[in-house]
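Heads up: the protein sequence lines correspond to chains A, B, C and D, in order.
Read left to right, the first sequence gives residues 2 to 410 (this note's numbering).
Read left to right, the second sequence gives residues 2 to 410 (this note's numbering).
Read left to right, the third sequence gives residues 2 to 410 (this note's numbering).
Read left to right, the fourth sequence gives residues 2 to 410 (this note's numbering).
Please note that the accuracy of each hint is not assured.
Given that identical chains are not distinguished, each listed pair holds provided it fits within a single copy or across any two copies.
What the hints assert, rightly or not - With a Cα cut of at most 25 Å, we get these calculated BS3-like pairs of lysine-lysine:
| # | residue 1 | residue 2 |
| --- | --- | --- |
| 1 | Lys401 | Lys293 |
| 2 | Lys58 | Lys121 |
| 3 | Lys195 | Lys293 |
| 4 | Lys293 | Lys245 |
No lab work stands behind these hints, which were simulated from the structure alone.
Since we're looking at a predicted model, the values are computed, not measured.
What follows is the residue order along each chain.
Protein chains: 4
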Amino acid sequence: MELFTSTDRAREYRQKLLGFMDECVYPAEPVYAEQMAAAGDPHHHPQILEDLKAEAKKRGLWNLFHPHEEWGPGLTNLEYAPLAEIMGRSPALAPEACNCSAPDTGNMEVFTLFGTEEHKQRWLEPLLDGTIRSAFAMTEPGVASSDATNVEMRMERDGDHYVLNGRKWFASNAMHRHCKVLIVMGKTDPEAPKHRQQSMMVVPIDAPGVRVVRNLPVFGYVDREGHAEIEFTDVRVPVTDVLKGEGEGFAISQARLGPGRIHHAMRAIGMAERALELMCARAESRVTFGRKVSERANIRDWIAEARIDIEQARLLTLKTAWMMDTVGNKEARTEIAAIKIAAPVMALRIVDRAIQVYGAAGVTEDFPLASMYAHLRTLRIADGPDEVHKLTIARAELGKARAAAETAG
Amino acid sequence: MELFTSTDRAREYRQKLLGFMDECVYPAEPVYAEQMAAAGDPHHHPQILEDLKAEAKKRGLWNLFHPHEEWGPGLTNLEYAPLAEIMGRSPALAPEACNCSAPDTGNMEVFTLFGTEEHKQRWLEPLLDGTIRSAFAMTEPGVASSDATNVEMRMERDGDHYVLNGRKWFASNAMHRHCKVLIVMGKTDPEAPKHRQQSMMVVPIDAPGVRVVRNLPVFGYVDREGHAEIEFTDVRVPVTDVLKGEGEGFAISQARLGPGRIHHAMRAIGMAERALELMCARAESRVTFGRKVSERANIRDWIAEARIDIEQARLLTLKTAWMMDTVGNKEARTEIAAIKIAAPVMALRIVDRAIQVYGAAGVTEDFPLASMYAHLRTLRIADGPDEVHKLTIARAELGKARAAAETAG
Amino acid sequence: MELFTSTDRAREYRQKLLGFMDECVYPAEPVYAEQMAAAGDPHHHPQILEDLKAEAKKRGLWNLFHPHEEWGPGLTNLEYAPLAEIMGRSPALAPEACNCSAPDTGNMEVFTLFGTEEHKQRWLEPLLDGTIRSAFAMTEPGVASSDATNVEMRMERDGDHYVLNGRKWFASNAMHRHCKVLIVMGKTDPEAPKHRQQSMMVVPIDAPGVRVVRNLPVFGYVDREGHAEIEFTDVRVPVTDVLKGEGEGFAISQARLGPGRIHHAMRAIGMAERALELMCARAESRVTFGRKVSERANIRDWIAEARIDIEQARLLTLKTAWMMDTVGNKEARTEIAAIKIAAPVMALRIVDRAIQVYGAAGVTEDFPLASMYAHLRTLRIADGPDEVHKLTIARAELGKARAAAETAG
Amino acid sequence: MELFTSTDRAREYRQKLLGFMDECVYPAEPVYAEQMAAAGDPHHHPQILEDLKAEAKKRGLWNLFHPHEEWGPGLTNLEYAPLAEIMGRSPALAPEACNCSAPDTGNMEVFTLFGTEEHKQRWLEPLLDGTIRSAFAMTEPGVASSDATNVEMRMERDGDHYVLNGRKWFASNAMHRHCKVLIVMGKTDPEAPKHRQQSMMVVPIDAPGVRVVRNLPVFGYVDREGHAEIEFTDVRVPVTDVLKGEGEGFAISQARLGPGRIHHAMRAIGMAERALELMCARAESRVTFGRKVSERANIRDWIAEARIDIEQARLLTLKTAWMMDTVGNKEARTEIAAIKIAAPVMALRIVDRAIQVYGAAGVTEDFPLASMYAHLRTLRIADGPDEVHKLTIARAELGKARAAAETAG
């Protein structure tokens, strides 16, 4: 893969990160499990995570994602991609340890690009420092939120404030013990053109009228960072906390979701790699009917197909990252949509087969496979279901067909 | 489907059961969720279940599974199949409400066929009465248990007792608050021919030396009835508690697993039907980009494919049931293997697509889809992974080819 | 399969047909290949076929398909299904040998139901006798013909005649050396309600203005019976040759296509069975890297999956046949659509894998696999593509959902 | 795709080739069809092909594949890949027009690397000049040839000659009107270590004892260049016509097949692109039930999935090409195996769906889809079936697992 990741600093970060994984992160996995079990609270924030964060900072593996040099190493998407993949191998620990976990990364980018000075001081700096966490409240339980015009949360102007009423859910990270702030999407003007109806606002999680109703489990998992259902009742937000300006919600969300999607894809590839590794290890170590499982041709087919599929998805992710770097997120939107679809589907197939090789052990917490499955499955829905992204790609392709037909005709 | 379920009593039970589902079971689902949430204990036994059991008994919907008239309605497998399917639509409640839940059904059959008078009095009667529950301890964490010769639990003769040492896991039902007894598979004679090495014994769950180590979660779910890891240390079992005789373990397990597998298949079809129903209802009720989701041709394809696949799997299940009734479990073993594989795979595809139509809601507990997925996924592993059953089918098919070649040659 | 085919006469015909296959049809396959090769004309009508027809007649295996006792054994669809499957095993010979080949079967039914006395004398009797053949001209090259309202052929009234102008293609059988008559679908009244615009007419293939433009190959195959493109220029058809009446074209095509679709499905299952048999035989006879191909677990998976899939598709076909017999073609339309989709898809997968097991030999004419593939692939398009039939099924399913919602609401 | 194809000359060749396709090749397709039809001989060599060859030479688009500057532009694999893809869009014309068609390309490489001076003069030069063609005779009808140790052709030393006896088939190109020479693989020493048993020899197609038995059709297609079954009876080959040396057959075939496989993959991608283009054009131009086919969400899914899959396969092909250039064919063998599997499977899925969108037209010769399908399907078998290449990949992956286990242990 040298072809793509050719810079010296990229190689250097890769080596450092691999070392951190081997020396600190993988050994921390059982410790994490113990600390969480001991706490008896699924949203507990365990000490091991703070230890890892301190170590990552010390090793210069902090804010790797941040494209602006002021705040991190300032890597390009193409340089960051292999690092995100590596972090994806230990999804519960590595991204947060390096302050690269969703949705904080996306929120930090939004604050960097569209925040006021006050936002930067109050929210961005502690986020970059890893002392607070944030959530993003866009999806709603009552409507199909992949169509942004469906958003029902009202944000009504009242003097120097907007008054928010509505209900959000799947605000990931909102149950994190350190979560302090929400970025909220809603409708300021239902009569405006459809991509100008929405605005985004900054709302402290303890603002009056904000009520975390419940956590939403994912395939039975109560994630530590949580996915909250939040009720907003007459929440008053000063106009200075509108990001970028009234009616800019849709535009910000487009800016925000591009990198978010590719980060998810990169981590999905890391999960797939780890699942393949686990599958091989198990197939080597178990015997049935007198032969190692790894000698069976059907299992070998699965292993080979996994390798083929991972390679292809990784290359598409790298190409997408490179396009984002060179022609910009907007021009790369077909590729972003493609990798957003392709990586989780690919990883799910591999994880599912790894589970099959593990037998009963595969569905338990003794191995990370079942929880990877649950997480990856949500990626086919989060930030818009696959089917919506396929429409984007098909539209572009049919546009070419029409252009060709016009030229020909 | 009248073609298959042509007896009057089958039709009558079907009507009664459908009424019970509509009037009692579906309305009990939210109550159940509330009682479980209120208890704060995933293994809590909620009152609503006892209420349902009482009602089912009153309506004559008790022990529907039991083939022997003495203990239940004495239905054939073919008559029972559509009933099991209907119970599968509410998998957490209906089977237990009608005393038809696994692994108790299989254990009751084993006690019926192979139990001593004492076993029948002490264990079978309260099981048939629904006052106690039981578990089946076969799978082991340390070996690939689909190959029975791998079993490592030792059962060593010592006078009038056997002494059991070993570790089992995925003993489903063992965390049930009413669980009193285990049927345990182990090796009495590692030197015997390979299908004569194993024996099955009856062990009270509170016998000295039996220690429930932990519950095993399934995709994050802590099932109420649980899947236990159990350690056996010098557990002394009287020789009278050996079922059928020393060395008969493999034979009993063959007898036991046939009906168990088809019951799972039947319920899987019920889950698929419910998932399809839910998928249609959601697609009708949600709008994206100006059109109902149900108007999109890709979603219509999913709906149609679901209907096609369910119909086929159901017919194969019914045929298998009918063969078990007419030529016996042994002659029907290819069909049993086939339906054991086909039904969960089919149901998983439908449930997965239903989740996709539900978006974020699909992975939560607001709908039964994600938990159905987790449960169905384990069915591809439980009682032997798909790959082992495919070998059974392929062997039969290749045997025909060899016979034909010999005839021709 | 006894469950479904329980009549004595069905069993008897099955035995007789199996005997005919073994004693006459399979041995005729190489003879057929030689006679065709020797003729050097892909549309040649070889003597062996006439010999087989004579033998089938002698054995009472003639017009097995015909539901009316006057013309054949008068079997129900359920009785006929296993026979059609058996004939499908040798698709180039057996169906025609027994006078059960498409589209003649459908055309004979149309003449039986809607033909005048003259039609019966002139066309139906020689068709039933196997002395002439017929074609069905519905599909058009210029439009998507799965939507009947797209049909462009004009049929304009002019006194006692209609004048036909237009172009049809994929008129199967029209290149058959014995083909004498076409049933043609066209538009008599473009202004009528959309299912009353079309009419069907009987047109001798040598009528003035009828020109067979060319044969259409299928995946490179020039089928003996052919698939013709036919130009109609001012073809004058007497009003007495309108079937059933003006505007009845759509209704006849619905009546005609039901049985046609299930016959295709039945034969597809026969092809799948033969492909599976061939796959097993090859896997047993070839050795790679020191082991028989049949010992490889991936090939065993394919064999097992083939058996599972065939069983399911066959059962759905039988159920559909039984519904057609008991509740009628109209009530069975969802099942007919389902099996029309399911059987070819299933058979294609098996044939494709059998080809893979055969290696290079699989794509040649040394084995019937590649030609089965080509034929089965067209079944996913003929009489409407899968996607159109899925709409039928989805519509029915969503109708249930809406009815349930109204009841609930 | 600029990322990979960054050299100026690569870009220049690409522009020139695109111009040649638009100005000459696509317009030649109908002419080719007419000339072939007029000749009435499937192996006819039509004038249009010679015209295209002359034009390609004039434009400097000749021998693009050849890595050695002496004979062609001397492009790297990475530079050549996008050109091979473009040629693949018109598979019957463009590769031969540019003297880049299989198996001549592979044979030319073998002659370049291992041929004597006489071979170069007599065979290589006219091949490079496009005046003669050649075939490669490795596969045998009697054994599974993917295991080279199965080869049965005997090559027995007799003085200064070897005497060849055996039967080969699927010697592609051997029916080409210009084919003059065969490279033949056989066994010189059945007792040698298994990779030293085989030798390759140069045999004029008109040598005494060489008999072309028949052409082998592929899915009904009689390809112009043909796939011959050839019988060798006491064919005497001078020892000077052994390539590289006795026992070197396996080694040469490894060297030969690497580039051959990637060329096939590249062209497969070109076919997939053209199929996607055709699918979009058809979906835009046809209307069913009141809406353009391109507006249906299921067709849009197919289009999007095609784009996603093509992108991934292309990137893997480019990466493989780049590895062959930088670390060599041997180090790149996993990647070569991967792309050999991935590209045809991907292209087949797209072509199959395009056929479905075209309906009946899709299986005819009016569009290149069905013939592409037939050709692509053989690629899953040629040069070893997918399953053999998967073993290569799995072995490498399991090797890593074992190494990791040893390190850990």
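We went through each hint and held it up to the structure:
Taking identical chains as interchangeable, the C-alpha atoms of lysine 401 and lysine 293 lie at most 25 Å apart only when they sit on different chains, with a minimum of 16 Å there against 51 Å within one chain. Taking the closest pair of Cα atoms, lysine 58 and lysine 121 come within 25 Å of each other only inside a single copy of the chain (21 Å); across copies the shortest separation is 64 Å, beyond that limit. Taking identical chains as interchangeable, the C-alpha atoms of lysine 195 and lysine 293 lie at most 25 Å apart only when they sit on different chains, with a minimum of 18 Å there against 60 Å within one chain. Taking CA atoms no more than 25 Å apart as the test, lysine 293 paired with lysine 245 passes in neither setting, with 60 Å inside one copy and 33 Å between copies.
In summary, the one numbered hint that this structure violates is 4.
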